[in-house]
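Take each chain as given, in its own frame, and dock them per the hints.
For the protein sequence lines, the chains are A and B, in the order given. Position one of the first sequence corresponds to residue 1 (our numbering), numbered consecutively onward. Position one of the second sequence corresponds to residue 1 (our numbering), numbered consecutively onward.
I should point out that these hints are in silico values taken from the structure, not numbers from a laboratory. Note that the structure is predicted; figures quoted are calculated from it, not measured. Among the clues, some could well be false.
[Said to hold, decoys possible] The calculated lysine to aspartate or glutamate pairs, modelled on EDC-like cross-linking and capped at a C-alpha distance of 20 Å, are: (1) B:K165 to B:E112; (2) B:K230 to B:D209; (3) B:K139 to B:D116; (4) A:K20 to A:D111; (5) B:K10 to A:D356; (6) B:K25 to B:E150; (7) B:K151 to B:E89; (8) B:K108 to A:D374; (9) B:K182 to B:D221; (10) B:K108 to A:D368; (11) A:K329 to A:D266; (12) B:K65 to B:D5; (13) B:K139 to A:D356; (14) B:K139 to A:E381; (15) B:K151 to B:D179; (16) B:K151 to A:D355; (17) B:K14 to A:D356; (18) A:K59 to A:D41; (19) A:K320 to A:E383; (20) B:K212 to B:E28; (21) B:K25 to B:E163; (22) A:K320 to A:E378; (23) B:K108 to A:E370; (24) A:K140 to A:D156; (25) B:K139 to A:E378; (26) B:K230 to B:E163; (27) A:K320 to B:E89.
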Amino acid sequence: MVGLINNWMTQAEASLDDSKQPSWLQLKRQTAQQQLQQLDDPSRTLELWRYADVSRLSKSLNSVVAPSQSKSADSGETDLLIVLNESGYTCIGQQPEWLTIQSLVEMAAQDWQDITFDQETVVNLANTLLVQSGGLITVKTTQQPVHIKLVYDFADPEAWQYVRNHFNIAGGTKVHITEQHQTGRINAVNVYRLAAGAELIRQQDIQLNVAEQFVSYNQFDTAQNVDVVNMNHHIGGSLQHHHHVVNFNAERSKYKSGSINKSFDDNNITDIVNVNHHFKYNQSDVTHRSIAKDRSQIFNNAKAYVAVGADQTEIEQDLKNILLSPDAKIFSKPELEVYTDEVVAAHGSTIGALDDTVLFYLQSRGIDIEQSRDIMIESFEREALVC
Amino acid sequence: MLKVDNVFAKAGEKEILKGLSLTVKPGEVHAIMGPNGSGKSTFGNLLAGMPYVTPQSGSVEYMGKDLLSLEPAERAAEGVFLAFQYPVEIPGVNNMYFLRTALNAQRKYRGEEPMDSAQFLRMVKQKIKDLNMRDDLLKRPVNVGFSGGEKKRNEVFQMGVLEPKLAILDETDSGLDIDALKIVADGVNHLRSPDRSFIIITHYQRLLDYIKPDYVHVLADGKIAKTGDKSLAFELEEQGYGWLNK
Numbered sequence: 001m002v003g004l005i006n007n008w009m010t011q012a013e014a015s016l017d018d019s020k021q022p023s024w025l026q027l028k029r030q031t032a033q034q035q036l037q038q039l040d041d042p043s044r045t046l047e048l049w050r051y052a053d054v055s056r057l058s059k060s061l062n063s064v065v066a067p068s069q070s071k072s073a074d075s076g077e078t079d080l081l082i083v084l085n086e087s088g089y090t091c092i093g094q095q096p097e098w099l100t101i102q103s104l105v106e107m108a109a110q111d112w113q114d115i116t117f118d119q120e121t122v123v124n125l126a127n128t129l130l131v132q133s134g135g136l137i138t139v140k141t142t143q144q145p146v147h148i149k150l151v152y153d154f155a156d157p158e159a160w161q162y163v164r165n166h167f168n169i170a171g172g173t174k175v176h177i178t179e180q181h182q183t184g185r186i187n188a189v190n191v192y193r194l195a196a197g198a199e200l201i202r203q204q205d206i207q208l209n210v211a212e213q214f215v216s217y218n219q220f221d222t223a224q225n226v227d228v229v230n231m232n233h234h235i236g237g238s239l240q241h242h243h244h245v246v247n248f249n250a251e252r253s254k255y256k257s258g259s260i261n262k263s264f265d266d267n268n269i270t271d272i273v274n275v276n277h278h279f280k281y282n283q284s285d286v287t288h289r290s291i292a293k294d295r296s297q298i299f300n301n302a303k304a305y306v307a308v309g310a311d312q313t314e315i316e317q318d319l320k321n322i323l324l325s326p327d328a329k330i331f332s333k334p335e336l337e338v339y340t341d342e343v344v345a346a347h348g349s350t351i352g353a354l355d356d357t358v359l360f361y362l363q364s365r366g367i368d369i370e371q372s373r374d375i376m377i378e379s380f381e382r383e384a385l386v387c
Numbered sequence: 001m002l003k004v005d006n007v008f009a010k011a012g013e014k015e016i017l018k019g020l021s022l023t024v025k026p027g028e029v030h031a032i033m034g035p036n037g038s039g040k041s042t043f044g045n046l047l048a049g050m051p052y053v054t055p056q057s058g059s060v061e062y063m064g065k066d067l068l069s070l071e072p073a074e075r076a077a078e079g080v081f082l083a084f085q086y087p088v089e090i091p092g093v094n095n096m097y098f099l100r101t102a103l104n105a106q107r108k109y110r111g112e113e114p115m116d117s118a119q120f121l122r123m124v125k126q127k128i129k130d131l132n133m134r135d136d137l138l139k140r141p142v143n144v145g146f147s148g149g150e151k152k153r154n155e156v157f158q159m160g161v162l163e164p165k166l167a168i169l170d171e172t173d174s175g176l177d178i179d180a181l182k183i184v185a186d187g188v189n190h191l192r193s194p195d196r197s198f199i200i201i202t203h204y205q206r207l208l209d210y211i212k213p214d215y216v217h218v219l220a221d222g223k224i225a226k227t228g229d230k231s232l233a234f235e236l237e238e239q240g241y242g243w244l245n246k
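Just chain B, with the same shape it has in the complex (with noise of 0.2 Å):
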């Protein structure tokens, strides 16, 4: 599904990714953990496009397209999908009208029939339900007076509505309590399918308690520094990140 091929970037006009490789088939679930300033989000941020993340040289291979030639929505309508680590506000946008905006410009993209309101009102209330989360999240403007915990479960929820291919999740689990973070791994959780893959970016081993990855990654400088399985978010959890130095 995913082919990163020693890939650098800048972030701004600071280098940050040096040499990134990384392979994701379809199904898995990849972890990525590591130290501040190592390059998780720039990563992350690279796969969907952000325009202050700008790749150097090497290659990303995406369902058999280069995915850094295409513009962020367009990698969206393929079904790449961010959940961001402080998602935005949008006054006056409700998370209907967002949400069905976002699903008919991916389906036009793909060449689907627009899905009506009637449909889409169906399809949102049983998302809803399957992912655990309160309906009066559809009615309120994006993001705006939501706590962190609403804003995270927020981001699950439209991934729920948007069904991506390869989800990449940019620290969810910060600022979040365990109920919340019990909640937002469900929600996960429920997304899984052999056709869908996850990138899942983290500090911290407690979220990998409820979401099991297929293999843990440690990025240190701008490359996969090791690879390992869940066990080795443990010896982190333990250890820190110090090895890394030596």
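Looking at chain A on its own, in the form it has when it is part of the complex (with noise of 0.2 Å):
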């Protein structure tokens, strides 16, 4: 997209000087500053933005329809709702001894994980050039999983907000945390970082109106005998991009990932997850169920790298996908790259309609049309559940 890398330093150049932040985070902006200026534009030869539509990233969202009703930010059976917006974090509800909870300006500078951005990951890297809000959020507990749901609201409905969240997860603690979508379009970067031990269930919820946008790169990064649930619902909007990134950095810890993607009208919706096997001993599991109905597209990535000598990795890849429509687009693509022996591997991906034969044995019991597709999307829906 012509000109967005130029947009990205006009915005940047009132912040880069900004007295209020440390000098560590002001260092980390110029030196994305520099990086961007070697790079160029995001456009379709990128290989993670190759099936998105990279242009929605520039475009006016005046159509932007207010939140649907749906959407609540309550805590629900949550322990604790965080809300994330324009003024950063606030706890609703006391904040419990379990968690702290520091800003951008509070955070110290060995706490921010630097990641390697490059010309693929452009739009990530613009990220650290622009971030707004965010921080560090710290959990440790022995008690049983504590589960804590962030909400991103931002009165600004068109503006990018640039969102950097980074999660400690202390080692043996156990939690729950749910990110969730209420306003605004945001670019977020999330790092994970799992001690030994630590068990994670992660749930990103964006559902999205249809002229909303959202792009986010997550990266988690495990110790020994770490256990990662990520479930992954993604649903509607102008624009969505997601890229997981895992980094097992040690032995005998698990990822296991589901993904539900559902694009009607003209959404655009891309899901990447990259595992990478630098150790032994790792297991990942990865599932994806996509539908597209109407003009939408969506684009699914399952890539597992094994460096050598990661031996005894097991993974398994499972990205099934429906058209509903003519003209719904779906691309999906597993991939595996493994440089040692010992691998168990499996991989798979399907696209289709809707099965008739079971369209009509639903039928055949009683069930309209219209409430039998829904229940074989209900059921194709359930695959993916990880939690």
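And the structure:
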């Protein structure tokens, strides 16, 4: 997209010399600025954006529709609700002792995790240049699993909001973190650092109205014996682009993810999972179920990399897709890149319509065609429910 | 109850039924036998409304209505039930939910009140007992991981819950061992009543040892070639279908 990097640079000018920011953060931004100057604007030539409509990143969202009533920022059954908006994090209710929150200006330089963004991830690199909100959330508890819900609730629906969340999960901690979109045009970078023995259930619940957009980069760095379950619901929106990167940085950890991607109208959703098996005895299991209707488009990609010596790795990739109309498109790509011998890996991908025989079976029991389709779609989605 | 008059129908692009006529009265059990490719399953699918089977001419009157003009779900709600030759698997949808949804959809069509979950549970527990089946069937996803015999038993169980007026069993006996065959046959016999009719499509006489038909029809080249009583099934078992070509 011609001019996107220039736009980012212009936006950054005002904040780069902001004296309220710690010097280390200004330095990170300046480094990102210098790197961006060497890169090209994002385009379809990038593997990560090949099937996404990158031009929508710079589109005006004049036709923004009010948030649907179904979105609610209530805490539900969670132990803590945290709202993130232009003012930063706000805990609704009393902040528990097992949790600490620091804003970007409060957090220490060593708690910021540098991520090697490049041309492919140039849109995420813009996040480092322009980050305004977020910080560090640390969870440390030996209690029963605790449940936190983080809600993105920005007042301005038009301007991009650059959010950076670092989640530090202490050793032995069991935590369930739900990230939910309420309002705002979000570019988020989330870094989950999991110490030995930590167990994380993470849910990303992004249900957008027809004009809304959400871009996220989500990195999971595991120590030994970590268990991560990552459940994603991506529904609707003018543009959703989610990139999940898992780094097994020690042995005997598990990553299991399920993604349900549903698009309709003119939606454009990308859901990419890259799992890097750097060490032995780790397992990854990635399941995607995607359903596209009308003129919408979905891109699924699951890639597993197994380094030299990372033996006894187990990998499962299962991507299934349903097209509900002739003009809808789905691109689905499971990939394995393996540099060692002792690996058990299975991968598969299918794209098709709803099975006519199953549809008839349901109808033959008295269920009308619309409800039969709904039941089949619900059944299809359930295969990706991992929590 | 059912009057099929000179029906011609295609399965896909192929003409399969070529002038089939059959009358079924309330309470009767009709067995349809015939060689492979004669049109037995196509006939069952035509009655249930499978889109792949398209009628070309002729008529099917069911309980005073033009059956072929009804949608598959409407036919089911009117009391037509097809036990599938190859029951399909529906992962993620358990039998209880599926059957309650189906039953209440049929009740809604007929202008009846929906059955609440407590009423439904009581009813299905009783049906399970009556049909001598295991209640773990209820909690499992529809046909997922079921053996061939379990799938066929599940079809009979669904029939018991939905209480159709006209039940069509499409090779329900195929792939069953003797014990499973007996359970299925007992289930069908339990459901026999003066106002419920059966069309039993089968290749083998052995099912008819357990389910006594009123009529046995031989279907050949898309139409009824011969009709008789149960002794016709014994003749077919002994002589095969070669005589049809003479």
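How the hints compare with the structure:
1. B:K165 to B:E112: Holds: B:K165 and B:E112 sit about 17 Å apart, inside 20 Å.
2. B:K230 to B:D209: holds, 9 Å
3. B:K139 to B:D116: holds, 17 Å
4. A:K20 to A:D111: holds, 18 Å
5. B:K10 to A:D356: Holds, at about 17 Å.
6. B:K25 to B:E150: Not satisfied, since the Cα-Cα distance of roughly 30 Å exceeds 20 Å.
7. B:K151 to B:E89: holds, 9 Å
8. B:K108 to A:D374: holds, 18 Å
9. B:K182 to B:D221: violated, 31 Å
10. B:K108 to A:D368: Since the Cα atoms of B:K108 and A:D368 sit roughly 11 Å apart, the hinted pair holds (cutoff 20 Å).
11. A:K329 to A:D266: Between A:K329 and A:D266 the Cα gap is close to 11 Å, so the pair holds against 20 Å.
12. B:K65 to B:D5: The given pair, whose Cα atoms are some 13 Å apart, holds under the 20 Å limit.
13. B:K139 to A:D356: violated, 25 Å
14. B:K139 to A:E381: Since the Cα atoms of B:K139 and A:E381 sit roughly 19 Å apart, the hinted pair holds (cutoff 20 Å).
15. B:K151 to B:D179: holds, 14 Å
16. B:K151 to A:D355: Roughly 19 Å between the alpha carbons, so the hint for B:K151 and A:D355 holds.
17. B:K14 to A:D356: holds, 19 Å
18. A:K59 to A:D41: Distance ~15 Å between A:K59 and A:D41 Cα, so the pair holds.
19. A:K320 to A:E383: Holds. A:K320 to A:E383 sits at ~10 Å (cutoff 20 Å).
20. B:K212 to B:E28: holds, 10 Å
21. B:K25 to B:E163: holds, 17 Å
22. A:K320 to A:E378: holds, 14 Å
23. B:K108 to A:E370: With a Cα-Cα distance of about 15 Å, the restraint between B:K108 and A:E370 holds, given a limit of 20 Å.
24. A:K140 to A:D156: Given that 20 Å is the threshold and the Cα spacing comes to 33 Å, the pair is violated.
25. B:K139 to A:E378: Given pair B:K139, A:E378 holds - Cα atoms ~17 Å apart, limit 20 Å.
26. B:K230 to B:E163: violated, 26 Å
27. A:K320 to B:E89: Holds, at about 16 Å.
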